[in-house]
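Asks: Using the hints, position chains B and C against chain A.
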Amino acid sequence: MDLPERTSPVGQAVALFVTCLVDALFPATGIATVRLLEHLGVPVTFPAAQTCCGQPGYNSGYRRAARPVAEHFLDTFRDAPVIVSPSGSCVAMIRHEYPRLFADDPDRHAQALAIAARTWELTEYLVDGLGVIDLGLRLPEPHTFAVHDACHGLRLLGLGRQARALLDALENAHVVPLEDSDECCGFGGLFSVKMPDLSAAMLHKKIERIRASQAATIVTGDVSCMMHINGGLARRGLAPRVRHIAEVLADGLPERTTHAQPGR
Amino acid sequence: MRSQAAKFVAAARRALADPPLQDAVKRATDTAARKRDLAMFAHGRDHGEALRQQAAAARRRALSRLPELLEQAEAHLTANGATVLWAADAAEVCAHVLDIAARHHVRRVTKSKSMVSEEVGLNDALAEAGIEVLETDLGEYIIQLAGEPPSHIVTPVIHKSKEAIRDLFVQRLGMPPTDDAATMARFARGHLRAAFLSSDMGISGGNFIIAETGTLCLVTNEGNGRMVTALPRVHVALVGIEKVVATLEEYVLLTQVLPRSATGQAMAVYTHMINGPRRAGEPDGPEALYVVLVDNGRSAIYGTSYAEVLGCIRCGACINACPIYEATGGHAYGWVYPGPIGAVLTPLLTDLKDASALPHASSLCGKCKEVCPVDIDLPRMLLDLRYDLVEAGHMPWLWDAGMRAWSTATRSPRLFHSAARAAQIGQGLLPQGRKVPLGPLGGWSASRELPRFARQSFRAWWAARNQEEDRHDQS
Amino acid sequence: MTSRETILARLRAARRPFADTPPPGDYLPVAPVDDEHPAALVEHFAARAEALNCTVHRCPDERAALAAILDVIGADRQVLCWDFAHIPLPGLGAALARAGVAVAPPSDPSVRVGITGADAALAATGSLVIASGPGKPRQVSLLPLVHVAVVRADQIVPHLEAWLATVRARGLDAFQAASSTVIISGPSRTADIAMELILGMHGPGELHIVVLEDTSA
Numbered sequence: 001m002d003l004p005e006r007t008s009p010v011g012q013a014v015a016l017f018v019t020c021l022v023d024a025l026f027p028a029t030g031i032a033t034v035r036l037l038e039h040l041g042v043p044v045t046f047p048a049a050q051t052c053c054g055q056p057g058y059n060s061g062y063r064r065a066a067r068p069v070a071e072h073f074l075d076t077f078r079d080a081p082v083i084v085s086p087s088g089s090c091v092a093m094i095r096h097e098y099p100r101l102f103a104d105d106p107d108r109h110a111q112a113l114a115i116a117a118r119t120w121e122l123t124e125y126l127v128d129g130l131g132v133i134d135l136g137l138r139l140p141e142p143h144t145f146a147v148h149d150a151c152h153g154l155r156l157l158g159l160g161r162q163a164r165a166l167l168d169a170l171e172n173a174h175v176v177p178l179e180d181s182d183e184c185c186g187f188g189g190l191f192s193v194k195m196p197d198l199s200a201a202m203l204h205k206k207i208e209r210i211r212a213s214q215a216a217t218i219v220t221g222d223v224s225c226m227m228h229i230n231g232g233l234a235r236r237g238l239a240p241r242v243r244h245i246a247e248v249l250a251d252g253l254p255e256r257t258t259h260a261q262p263g264r
Numbered sequence: 001m002r003s004q005a006a007k008f009v010a011a012a013r014r015a016l017a018d019p020p021l022q023d024a025v026k027r028a029t030d031t032a033a034r035k036r037d038l039a040m041f042a043h044g045r046d047h048g049e050a051l052r053q054q055a056a057a058a059r060r061r062a063l064s065r066l067p068e069l070l071e072q073a074e075a076h077l078t079a080n081g082a083t084v085l086w087a088a089d090a091a092e093v094c095a096h097v098l099d100i101a102a103r104h105h106v107r108r109v110t111k112s113k114s115m116v117s118e119e120v121g122l123n124d125a126l127a128e129a130g131i132e133v134l135e136t137d138l139g140e141y142i143i144q145l146a147g148e149p150p151s152h153i154v155t156p157v158i159h160k161s162k163e164a165i166r167d168l169f170v171q172r173l174g175m176p177p178t179d180d181a182a183t184m185a186r187f188a189r190g191h192l193r194a195a196f197l198s199s200d201m202g203i204s205g206g207n208f209i210i211a212e213t214g215t216l217c218l219v220t221n222e223g224n225g226r227m228v229t230a231l232p233r234v235h236v237a238l239v240g241i242e243k244v245v246a247t248l249e250e251y252v253l254l255t256q257v258l259p260r261s262a263t264g265q266a267m268a269v270y271t272h273m274i275n276g277p278r279r280a281g282e283p284d285g286p287e288a289l290y291v292v293l294v295d296n297g298r299s300a301i302y303g304t305s306y307a308e309v310l311g312c313i314r315c316g317a318c319i320n321a322c323p324i325y326e327a328t329g330g331h332a333y334g335w336v337y338p339g340p341i342g343a344v345l346t347p348l349l350t351d352l353k354d355a356s357a358l359p360h361a362s363s364l365c366g367k368c369k370e371v372c373p374v375d376i377d378l379p380r381m382l383l384d385l386r387y388d389l390v391e392a393g394h395m396p397w398l399w400d401a402g403m404r405a406w407s408t409a410t411r412s413p414r415l416f417h418s419a420a421r422a423a424q425i426g427q428g429l430l431p432q433g434r435k436v437p438l439g440p441l442g443g444w445s446a447s448r449e450l451p452r453f454a455r456q457s458f459r460a461w462w463a464a465r466n467q468e469e470d471r472h473d474q475s
Numbered sequence: 001m002t003s004r005e006t007i008l009a010r011l012r013a014a015r016r017p018f019a020d021t022p023p024p025g026d027y028l029p030v031a032p033v034d035d036e037h038p039a040a041l042v043e044h045f046a047a048r049a050e051a052l053n054c055t056v057h058r059c060p061d062e063r064a065a066l067a068a069i070l071d072v073i074g075a076d077r078q079v080l081c082w083d084f085a086h087i088p089l090p091g092l093g094a095a096l097a098r099a100g101v102a103v104a105p106p107s108d109p110s111v112r113v114g115i116t117g118a119d120a121a122l123a124a125t126g127s128l129v130i131a132s133g134p135g136k137p138r139q140v141s142l143l144p145l146v147h148v149a150v151v152r153a154d155q156i157v158p159h160l161e162a163w164l165a166t167v168r169a170r171g172l173d174a175f176q177a178a179s180s181t182v183i184i185s186g187p188s189r190t191a192d193i194a195m196e197l198i199l200g201m202h203g204p205g206e207l208h209i210v211v212l213e214d215t216s217a
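Chains as they are written, first to last, in the numbering used here: chain A, 1 to 264; chain B, 1 to 475; chain C, 1 to 217.
Watch out, some of these pointers could steer you wrong.
In silico SDA-like pairs for lysine to any residue, Cα to Cα no more than 25 angstroms straight-line [as the list claims (entries may be wrong)]: (1) A:194 x B:465; (2) A:194 x B:164; (3) A:194 x A:48; (4) B:353 x A:161.
Chain B regions said to be covered by chain C (calculated; three or more residues, Cβ under 8 angstroms) [what the hints assert, rightly or not]: (5) 240 to 254; (6) 281 to 293.
Calculated directly from the structure, the hints in this document are not laboratory data. Built from N, CA and C at the ideal position, the CB exists for glycine as well.
Bound-form chain A, shown alone (with noise of 0.2 angstroms):
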């Protein structure tokens, strides 16, 4: 991968990007973020004038719409020694599209590759940020997942082995495969709205390799994909059966507090 280069994260405080989706749609997920880093002594501040990392805009050609946005992130982070957020999209936005973004621009550039080399996904935060696969979580009840690997984060971060690991180390989780994890859902961000039928046609066959599998539950470290799943799911009467990994995590952590549920 030729992303900017990291250093270490350990006892740096950590400025949550909490996303666009998981502000307004999933807080459960922020909250389990939060819940997790917490757990392991990690100061978390939460910038309040984040709004989103612009992907929406970007990915659909609006660049010049974008822009404003992405430099508002570059603004509200800014002074962020660490940024965590729970979006493998939304980072791979961050490191691999914003220099390319600000491409023209000396200045922002610098920005946007400085706050690059210090932006993480959750899991590979933790796993390999902290260097912790083991947060010593437990679930109050054996769980059977699978994972669903989210395709920036797949593909543009090199995430899934830090999820797996993580799931491994969660004491009662029994992780068992789902066959084609790695294609992808069919959400695409605007893709869904703009070429809806093949979204749907790529939904499908997503759906059937869920009920296919052993697992209860499915795992993904992005709210969008769990959003597009779950959707489906409904349409066809079928309950939600995607989470994101943090909640599943933070359903093992010590102290217990009121989860939202899935889907919602």
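Replies: Chains B and C in isolation, oriented as in the chain A frame:
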């Protein structure tokens, strides 16, 4: 070939509603993808990845020296006894071939597979001039009988079931009905054998041209490539200018990576190196060899940020890996090249506006780049094409307006949070569990439940928790 | 301006892509071979060729090789054949004559069997390297349904990269002297009919490789 890419959305919808097509395409691409994985990594993951990097570097090096390599190739081809012709566009390719045919009194042509010939509509031009053209690659022969374009660059007829092919042979060739594929193939072999032997001119494509020796290289499995280039008096090869490789070493690498990536074979059955027409003393081979170097839009790509797409070796691995191709098959893409490579080449080689649907026919999953043996960054180019579409004003005005609104709302924390609050309240107006036929929401909600805004956003939770902690600290 | 000039001018005027790509290091063999000893190469070659649906006849001497070839010819009275000088079986001409088998002109489409030698064989992929030349018509390995190729064990090299090294050692003129060099890996095949693998499309449907093993090595 005229591009029908503008009809992609409708064509894709038809394809999605065609179960036999879905089955055929799925089976073919799953098989090919599986075989590709086995072959590329037959000596371990690291070895396979190293091959990809070496192949990618070889293509990039060649592209960085393209004009010099073309001149070197031309000099050696000529020294070998071939005639080298240059064609700027489709019309010129056809003109060259017709001219050669006239000079050599050609009435019957046999062809092995050439995607370039599809680009330029060569078969139509030959037919118009009263020259009989027979495709000899079995897949191409079948689609020629059916009057259809190819749906895949390596396996052009995957969209047809065995039964459909059987019916075609029965109706058009008078074959006694059979469901045995081997019998059908043997029937086609017999039918084409006579054509091979009586052909005046063979037309082929070219997988590579080795600059250092002026060697024209072809890979085939059926033997039709050899038939077409060995038996007729004249051989004409149509080769895109980007197919030049510098050295025999690069060729040896690429001619092994290509079949592994395309069909999972360690070598194609016939890996053919042609060093000119028949030599003095040789008992057979063509008397004349013409190599037509075809531009047709490639030189325009060369100096742009899309140059790396010229490194493509036409293996089809990206096509086999693509979920959109799997869902639609090749015809929906509307031109010569389907799948991810087609989504990039068609806008660049034909017309951006006309092909505007293609760069958006992707969830950007990145699988294409992962399997490309020469590491072409197709997803990056799809993103760049989307940007080009916006800058050229080819997006629907609703999208332009929507994105402006999104940008305004999202760059300002205050506006963004107000909008989120408003949506959270407003969603109560939307029916839950039912379809919402409202513009873009309609497409989504036909097959998916709409997501719901949470009662308490994350930031509200954070703020409340901070207040609580402040109260705690104070007490 | 001619199209040639236009095209080259446009390419030259453009910003060079990948101008900073480093020169190649060593090319690793695409298909490495663990054991390159002659005996191991023969084994490897035979295994790979058989995996491609070739029939490999390993023959300790000329007599066994001739017997194998006559067996393939069966009751046919005609074969296509390279000039005997290019086939490493000095007794082939006499053996065919004794068996009443005539060598037909190369373009005779009714002949079932074609016999050639080879320039080299590749162990890694079970392939034969066959160059055209005087006395070596291309059609002999192309038209008939059955292709018999005779190769000496010492002609087997590990892989295509090793073959290339011999080409360079001999000098490129020798390579370019042949108008056609084809590397044949198995009988012809197609999977165009519903992805079913079918052997014997336009080229030969049967490939017999007679390997003359040098027992005196």
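Asks: Now, for every hint given, state plainly whether the structure supports it.
Replies: Comparing the hints with the structure gives:
A distance of roughly 39 angstroms separates the Cα atoms of residue 194 of chain A and residue 465 of chain B; the hinted pair therefore is violated under the 25 angstroms criterion. With a C-alpha separation of about 34 angstroms, the suggested pairing of residue 194 of chain A with residue 164 of chain B is violated against the 25 angstroms cut-off. For the given pair, residue 194 of chain A sits about 31 angstroms from residue 48 of chain A by alpha-carbon distance, which is inconsistent with the 25 angstroms threshold. A hinted pair counts as satisfied when its Cα atoms are at most 25 angstroms apart, and residue 353 of chain B with residue 161 of chain A does not qualify at roughly 41 angstroms.
Judged by the Cβ-Cβ criterion of 8 angstroms, the stretch 240 to 254 of chain B is covered by chain C as claimed, because 6 of its residues qualify and three suffice. With 6 residues carrying a beta carbon less than 8 angstroms from a beta carbon of chain C, the stretch 281 to 293 of chain B meets the three-residue requirement, and the given coverage holds.
Hint violations for this structure: numbers 1, 2, 3, 4, all remaining hints satisfied.
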